[in-house]
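J.: Chains as they are written, first to last, in our numbering: chain A, 133 to 424; chain B, 80 to 362.
Mixed in with the good hints there might be a few duds.
[Said to hold, decoys possible] Okay, derived cross-link-like pairs now, DSS-like style, lysine-lysine, Cα gap no bigger than 30 Å in a straight line:
id	chain 1	residue 1	chain 2	residue 2
1	B	Lys83	A	Lys229
2	A	Lys315	B	Lys83
3	A	Lys315	A	Lys270
4	A	Lys229	A	Lys315
5	A	Lys229	A	Lys203
6	B	Lys83	A	Lys270
7	A	Lys419	A	Lys186
8	A	Lys203	A	Lys315
9	A	Lys196	A	Lys186
Everything labelled a hint here was simulated from the structure, so no lab data went into it.
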Amino acid sequence: MKKRLNFAPWIFLAPFLGIFAVFTVWPLIHSLFLAMQQTYGPGRVEWVGLHNFKFLLTDPLFWKATANTVKFALGSLFIQLPVALGLALLLNRPSLKGRAIFRLIFFAPSLVGLPFVAMLFAPIFEQRTGLLNVTLHKFISAWDPNFAWTQNYIMTALIIAALWMYAGFNMVYFLAALQNVSKDLIEAAEIDGASPWQRFYHVTIPGILPIAGFVTLLSVISSFQLFELSYIMLNDTSGPDNGGLTIVMYLYQTGFQTGDLGYASSIGWVLAIMLITIAMIQRRILKRHEEY
Amino acid sequence: MNSKRTAQSIVYLMLVVFATITLIPFAHMLAGAVKTKLDFAATLFLPAGDGFLGIGWDRITLENFYRLFFELEISRALLNSLFLSSVHAILTVLFCSMGGYALAKLNFKGRNFVTTLVLTALIIPGPLLLAPGFQLLYQLDLLNTYTGLLLPGLTPAFGVFLFRQAMINGVPNELLEAARIDGAGEARIFFELVLPLVRPMMGAFLMISFMGTWNNFIGPQIILQSPDLQPLSVALNNLKGIYGTDYALIMAGTLVSIAPVMCIFLLLQREFIAGLTGGAVKG
Chain A
133 MKKRLNFAPW
143 IFLAPFLGIF
153 AVFTVWPLIH
163 SLFLAMQQTY
173 GPGRVEWVGL
183 HNFKFLLTDP
193 LFWKATANTV
203 KFALGSLFIQ
213 LPVALGLALL
223 LNRPSLKGRA
233 IFRLIFFAPS
243 LVGLPFVAML
253 FAPIFEQRTG
263 LLNVTLHKFI
273 SAWDPNFAWT
283 QNYIMTALII
293 AALWMYAGFN
303 MVYFLAALQN
313 VSKDLIEAAE
323 IDGASPWQRF
333 YHVTIPGILP
343 IAGFVTLLSV
353 ISSFQLFELS
363 YIMLNDTSGP
373 DNGGLTIVMY
383 LYQTGFQTGD
393 LGYASSIGWV
403 LAIMLITIAM
413 IQRRILKRHE
423 EY
Chain B
80 MNSKRTAQSI
90 VYLMLVVFAT
100 ITLIPFAHML
110 AGAVKTKLDF
120 AATLFLPAGD
130 GFLGIGWDRI
140 TLENFYRLFF
150 ELEISRALLN
160 SLFLSSVHAI
170 LTVLFCSMGG
180 YALAKLNFKG
190 RNFVTTLVLT
200 ALIIPGPLLL
210 APGFQLLYQL
220 DLLNTYTGLL
230 LPGLTPAFGV
240 FLFRQAMING
250 VPNELLEAAR
260 IDGAGEARIF
270 FELVLPLVRP
280 MMGAFLMISF
290 MGTWNNFIGP
300 QIILQSPDLQ
310 PLSVALNNLK
320 GIYGTDYALI
330 MAGTLVSIAP
340 VMCIFLLLQR
350 EFIAGLTGGA
360 VKG
């Protein structure tokens with residue numbers, strides 16, 4: 133009996149541990165070595181030491197990719213999340229009828245995967261005939277219907293597409309958080325004569341802060357891994373003047389189009405370091421807020 | 080009282096406006112899918128004409144779907160996507176729930192270590208593993224196979240963690256002890272007692288895994304070279320490369336690609352949203 137119980141956990145964990153060791157731990161260790169090599173396809177290898185990282189720091193394409201990615205991440209953070217919170221606040225009114233149907237409508241875009249969102253939005257951003265340009269021209273007569281979103285404003289276009297896709301998804305989290313905010317506390321504040329704005333700022337915001345932090349982190353991390361949306365919308369390219377180049381797209385191009393898996397690995401490591409740094413900063417900010 | 084009613088009306092108005100904006104890209108796709116290439120460029124939604132509501136109903140066509148299925152063989156990619164996503168979803172739910180159960184409910188030496196391992200694995204960004212993972216699959220001779228595409232992703236740490244969280248509170252220890260005293264084996268306890276108790280989590284994670292594979296692009300793009308192995312995401316993007324200007328055809332293909340996920344979601348909706356937010360609210 134005892135022996136069986138000591139044995140069982142490892143059987144339950146075997147699939148995870150086995151696959152994790154072979155397909156995560158080993159590639160992770162391997163990628164450290166790979167990052168110090170120059171490869172020509174998966175078969176041919178040359179040792180270059182830290183040269184990849186040195187080259188990366190002065191590689192204009194990498195910096196272009198980083199700038200584009202940061203722009204997209206900031207757009208998601210400062211446009212998408214407030215919109216998501218706004219939708220959640222609208223839906224959180226206790227007397228609202230039809231909440232389920234509105235929630236379903238707002239959530240539906242997040243069921244469309246990134247590759248298909250890119251295909252859905254490609255014709256919307258089209259010059260002349262695209263839905264967005266035609267509509268804008270109708271309302272603002274000075275708007276040029278030849279406006280080339282996917283040539284000059286690709287990151288703005290991607291932020292719009294991502295806003296459509298993720299606003300409802302993040303809204304679901306905010307809604308769950310709002311429903312956890314103590315009703316008694318809000319009522320007490322109301323009786324004490326707090327204005328709606330004061331109630332929002334002093335009761336609601338602190339109440340949803342933990343989940344808001346979680347959603348923020350999740351959204352920034354996924355924004356930093358942007359690839360499909362840009363790549364597919366730009367017909368498998370990085371766009372004119374690399375305007376749609378992102379970090380992961382650059383990794384993909386160097387690793388799988390140029391065939392230098394070594395350089396791709398070093399890009400991967402720099403990306404990982406960026407993401408871990410962001411996670412640490414975010415945790416520190418959140419902790420400071422929790423002290424109050 | 081009156082101001083309250085005004086406020087309520089404004090809320091409804093805003094919700095309706097936002098809902099309309101959200102639905103426009105869907106409507107654009109649906110209308111685009113049943114138009115000809117020429118009408119797609121000429122009108123935004125349904126083709127204009129002199130039929131009912133000023134719409135040229137006679138110009139609506141299923142030609143795009145006919146071409147997709149009978150000339151361009153999208154059905155093959157559709158079946159590939161269904162197969163890959165189903166196999167992936169079922170196996171990840173099984174493996175992640177097994178791992179989660181061991182970490183949540185079984186006492187053994189090394190439990191803390193494995194839990195730390197799972198938490199650490201959560202922060203490893205996927206793109207970091209692309210290049211070394213590709214080389215590993217090359218060495219194992221698994222490139223261009225479904226095994227190579229699916230196997231590395233069968234036990235996401237995220238899934239193990241979610242099931243662990245769901246089982247810590249959702250499965251009472253007394254129940255497990257009672258079953259053990261009755262002489263039930265661990266396998267039986269797991270399948271007949273534990274899994275039914277975390278059914279909502281299973282539903283949610285089944286959906287998450289299914290969508291993950293269905294919408295995966297970079298994986299099949301890198302690993303699968305044969306056109307007849309490719310799922311919809313890659314196959315449709317290749318079509319977009321060839322027929323890029325024929326947006327009507329691409330819209331029909333997109334509709335075919337997102338409809339199955341939408342249907343499954345409507346079936347699992349309640350469990351999905353509960354599971355999605357459950358972990359975050361409790362944690």
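J.: What hint numbers does the structure not satisfy?
T.: Hints 3, 5, 6, 7, 8 are the ones this structure does not satisfy, whereas the remaining hints hold.
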